[in-house]
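> So the chains spell out like this:
2 protein chains.
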Amino acid sequence: MNSALTPLELRHRIRAGQYTGNTSGCAPGFVQCNLMILPADWADEFLRFCTLNPKPCPLIGVSDTAGSPMMTALGEDIDIRTDLPNYRVFENGKLVKTVPDIRADWRDDLVVFAIGCSFSFEEALLADGLEIRNISEGKNVPMYRTNIECQPTARFTGNMVVSMRPMLAKDAIRAVQICTRFPSVHGAPVHLGDPALIGITDINAPDYGDSVSIHPGELPVFWACGVTPQNVVEQSRPPFCITHSPGDMLVTDLRNSQLAVL
Amino acid sequence: MNSALTPLELRHRIRAGQYTGNTSGCAPGFVQCNLMILPADWADEFLRFCTLNPKPCPLIGVSDTAGSPMMTALGEDIDIRTDLPNYRVFENGKLVKTVPDIRADWRDDLVVFAIGCSFSFEEALLADGLEIRNISEGKNVPMYRTNIECQPTARFTGNMVVSMRPMLAKDAIRAVQICTRFPSVHGAPVHLGDPALIGITDINAPDYGDSVSIHPGELPVFWACGVTPQNVVEQSRPPFCITHSPGDMLVTDLRNSQLAVL
Chain A
1129 MNSALTPLEL RHRIRAGQYT GNTSGCAPGF VQCNLMILPA DWADEFLRFC TLNPKPCPLI
1189 GVSDTAGSPM MTALGEDIDI RTDLPNYRVF ENGKLVKTVP DIRADWRDDL VVFAIGCSFS
1249 FEEALLADGL EIRNISEGKN VPMYRTNIEC QPTARFTGNM VVSMRPMLAK DAIRAVQICT
1309 RFPSVHGAPV HLGDPALIGI TDINAPDYGD SVSIHPGELP VFWACGVTPQ NVVEQSRPPF
1369 CITHSPGDML VTDLRNSQLA VL
Chain B
1129 MNSALTPLEL RHRIRAGQYT GNTSGCAPGF VQCNLMILPA DWADEFLRFC TLNPKPCPLI
1189 GVSDTAGSPM MTALGEDIDI RTDLPNYRVF ENGKLVKTVP DIRADWRDDL VVFAIGCSFS
1249 FEEALLADGL EIRNISEGKN VPMYRTNIEC QPTARFTGNM VVSMRPMLAK DAIRAVQICT
1309 RFPSVHGAPV HLGDPALIGI TDINAPDYGD SVSIHPGELP VFWACGVTPQ NVVEQSRPPF
1369 CITHSPGDML VTDLRNSQLA VL
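Note that the protein sequences, when read in sequence, are chains A and B. Per our numbering, the first sequence starts with residue 1129, numbered consecutively. Per our numbering, the second sequence starts with residue 1129, numbered consecutively.
It is worth saying that the hints were derived from the structure and are not from the lab. Any given hint might turn out to be false.
Not close to chain A: a few residues of chain B, all C-beta gaps over 12 Å, as computed [unchecked claim]:
hint: 1; residue: L1133
hint: 2; residue: G1145
hint: 3; residue: C1178
hint: 4; residue: K1222
hint: 5; residue: E1259
hint: 6; residue: E1265
hint: 7; residue: Q1279
hint: 8; residue: K1298
hint: 9; residue: R1302
hint: 10; residue: A1316
hint: 11; residue: H1319
hint: 12; residue: I1326
hint: 13; residue: S1339
hint: 14; residue: E1346
hint: 15; residue: P1374
Computed beta-carbon distance windows for the label pairs [stated by the list, open to error]:
hint: 16; chain 1: B; residue 1: A1324; chain 2: A; residue 2: D1233; range: 54 to 60 Å
hint: 17; chain 1: B; residue 1: A1333; chain 2: A; residue 2: A1282; range: 49 to 55 Å
hint: 18; chain 1: A; residue 1: G1221; chain 2: B; residue 2: Q1279; range: 56 to 62 Å
hint: 19; chain 1: A; residue 1: T1285; chain 2: B; residue 2: R1176; range: 54 to 60 Å
Straight-line distance between alpha carbons at most 25 Å, and here's what the computed PhoX-like set of lysine-lysine pairs gives [as the list claims (entries may be wrong)]:
hint: 20; chain 1: A; residue 1: K1183; chain 2: A; residue 2: K1225
hint: 21; chain 1: B; residue 1: K1183; chain 2: B; residue 2: K1298
hint: 22; chain 1: A; residue 1: K1298; chain 2: B; residue 2: K1222
hint: 23; chain 1: A; residue 1: K1183; chain 2: A; residue 2: K1298
hint: 24; chain 1: A; residue 1: K1225; chain 2: A; residue 2: K1298
hint: 25; chain 1: B; residue 1: K1183; chain 2: B; residue 2: K1267
hint: 26; chain 1: B; residue 1: K1225; chain 2: A; residue 2: K1298
hint: 27; chain 1: B; residue 1: K1225; chain 2: B; residue 2: K1183
hint: 28; chain 1: B; residue 1: K1267; chain 2: A; residue 2: K1183
Don't be surprised by glycine CBs; every beta carbon is placed ideally from N, CA and C.
Sequences are here, hints too, so could you generate the full structure?
Given below as structure tokens:
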């Protein structure tokens, strides 16, 4: 039922507490975003971190002014405090609560960052006839911490998190072509083949999400992942920060096709 | 010295017997082509074979009329009978001689096909800072017969030949992006990773060319290869046919950059 809603209708239902599930498969065709909310005295540096690390942290939007919960460039009547199903609140890098609404946590100094999400490129891969294993198996995509260091700033430092989708080589090659068209949702894969080369010791034990089947002849294909900022926050320990809860994304009015550079 | 010559100057030296080596590294920036010359009663079917198999047989040019040795669309004053260093003459699918000049073998019913060559995409990969192992090691690229069947016509049938370049995964991903821009010189790789999946039993024993080193952490990356038509000719046994000798290509006046679709 939720796939028939427009993004605005979906956001209003979420705001009213009438939709509380994750947003996978919701509002097909429209861009969904990872969320990072930081106090102003950390926000400029986070913006620089995103600029230095465009593959894991491709920015789709930034709030106009500190303290404003509106994201007018991303869609009609978006109130970032209420329009996602669930949020995670961190203090000093530690998760302190998961809540369906952050109006009580809102502050006048908060800046909002909306970061591209793999849902957009998965849709493009499916539309081309490729199989996405986590979707076929009804699971969350497996994600792993790697030994690939992000370009650090003074306070933000940490390693890249990647998502993995197993594919036959010919499909992996096609996926590189398709994802290259979408730099603002992580772009082309960052690695394929041997997981150990990027510091993953057990492909069947992801650090986030679920394990998926890898069939004979398939290669694991790895994309930079929007969970990277959460990994970085845990290491960088800003005094306060709010993110989306994994899978509960900001659904925007932008179309996935509008993100294609070619 | 030959790298400083224009394509026309190089062709004239070859025609005069003053340059007899292979054309690797000659006239950088300009398109080199594989050659296939067939009698008219086989030529239309070969044209259809190329259309059905654009990755191994990307057509750059076809002679205007049967019997004409000129290829005006590909360059100034090209005489296809004299302007390559060495040719291979086949009868009934069997190599009968390798000669530096085919004026004595020329017939009024011959049709010339110029097919894209990996030299063009290797140049684009090098220009992007990637290493090409066969070039670093001063060898001919390793080529292998595969179990990938070409789309057959009534008389032309056979499996694809591929060339292989070992790369780190990140460079393989970049190579897919770069080569995708060049569909008329084989385009993106057709396979990467496990050679056995495309019927290659020993990566160190290529069917054509030389073996190259594969370093730890590298994947073999496979491209459709312009030697495929020679493999097909051996199986399809046309009564008469002439090809270039491997490495001794037709050097045209077209620029590699002109082949880029993006």
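> Work down the list of hints and note, for each, if the structure agrees.
Verification of the hints:
{"no.": "1", "hint": "L1133", "in the structure": "holds (36 Å)"}
{"no.": "2", "hint": "G1145", "in the structure": "holds (43 Å)"}
{"no.": "3", "hint": "C1178", "in the structure": "holds (21 Å)"}
{"no.": "4", "hint": "K1222", "in the structure": "holds (34 Å)"}
{"no.": "5", "hint": "E1259", "in the structure": "holds (17 Å)"}
{"no.": "6", "hint": "E1265", "in the structure": "holds (22 Å)"}
{"no.": "7", "hint": "Q1279", "in the structure": "holds (16 Å)"}
{"no.": "8", "hint": "K1298", "in the structure": "violated (7 Å)"}
{"no.": "9", "hint": "R1302", "in the structure": "violated (8 Å)"}
{"no.": "10", "hint": "A1316", "in the structure": "violated (5 Å)"}
{"no.": "11", "hint": "H1319", "in the structure": "violated (5 Å)"}
{"no.": "12", "hint": "I1326", "in the structure": "violated (9 Å)"}
{"no.": "13", "hint": "S1339", "in the structure": "holds (21 Å)"}
{"no.": "14", "hint": "E1346", "in the structure": "violated (9 Å)"}
{"no.": "15", "hint": "P1374", "in the structure": "holds (26 Å)"}
{"no.": "16", "hint": "B:A1324 <-> A:D1233: 54 to 60 Å", "in the structure": "holds (56 Å)"}
{"no.": "17", "hint": "B:A1333 <-> A:A1282: 49 to 55 Å", "in the structure": "holds (54 Å)"}
{"no.": "18", "hint": "A:G1221 <-> B:Q1279: 56 to 62 Å", "in the structure": "holds (57 Å)"}
{"no.": "19", "hint": "A:T1285 <-> B:R1176: 54 to 60 Å", "in the structure": "holds (59 Å)"}
{"no.": "20", "hint": "A:K1183 <-> A:K1225", "in the structure": "violated (28 Å)"}
{"no.": "21", "hint": "B:K1183 <-> B:K1298", "in the structure": "holds (23 Å)"}
{"no.": "22", "hint": "A:K1298 <-> B:K1222", "in the structure": "violated (33 Å)"}
{"no.": "23", "hint": "A:K1183 <-> A:K1298", "in the structure": "holds (23 Å)"}
{"no.": "24", "hint": "A:K1225 <-> A:K1298", "in the structure": "violated (43 Å)"}
{"no.": "25", "hint": "B:K1183 <-> B:K1267", "in the structure": "holds (23 Å)"}
{"no.": "26", "hint": "B:K1225 <-> A:K1298", "in the structure": "violated (38 Å)"}
{"no.": "27", "hint": "B:K1225 <-> B:K1183", "in the structure": "violated (28 Å)"}
{"no.": "28", "hint": "B:K1267 <-> A:K1183", "in the structure": "violated (36 Å)"}
When held up to the earlier numbered hints, the structure conflicts with 8, 9, 10, 11, 12, 14, 20, 22, 24, 26, 27 and 28 and fits the remainder.
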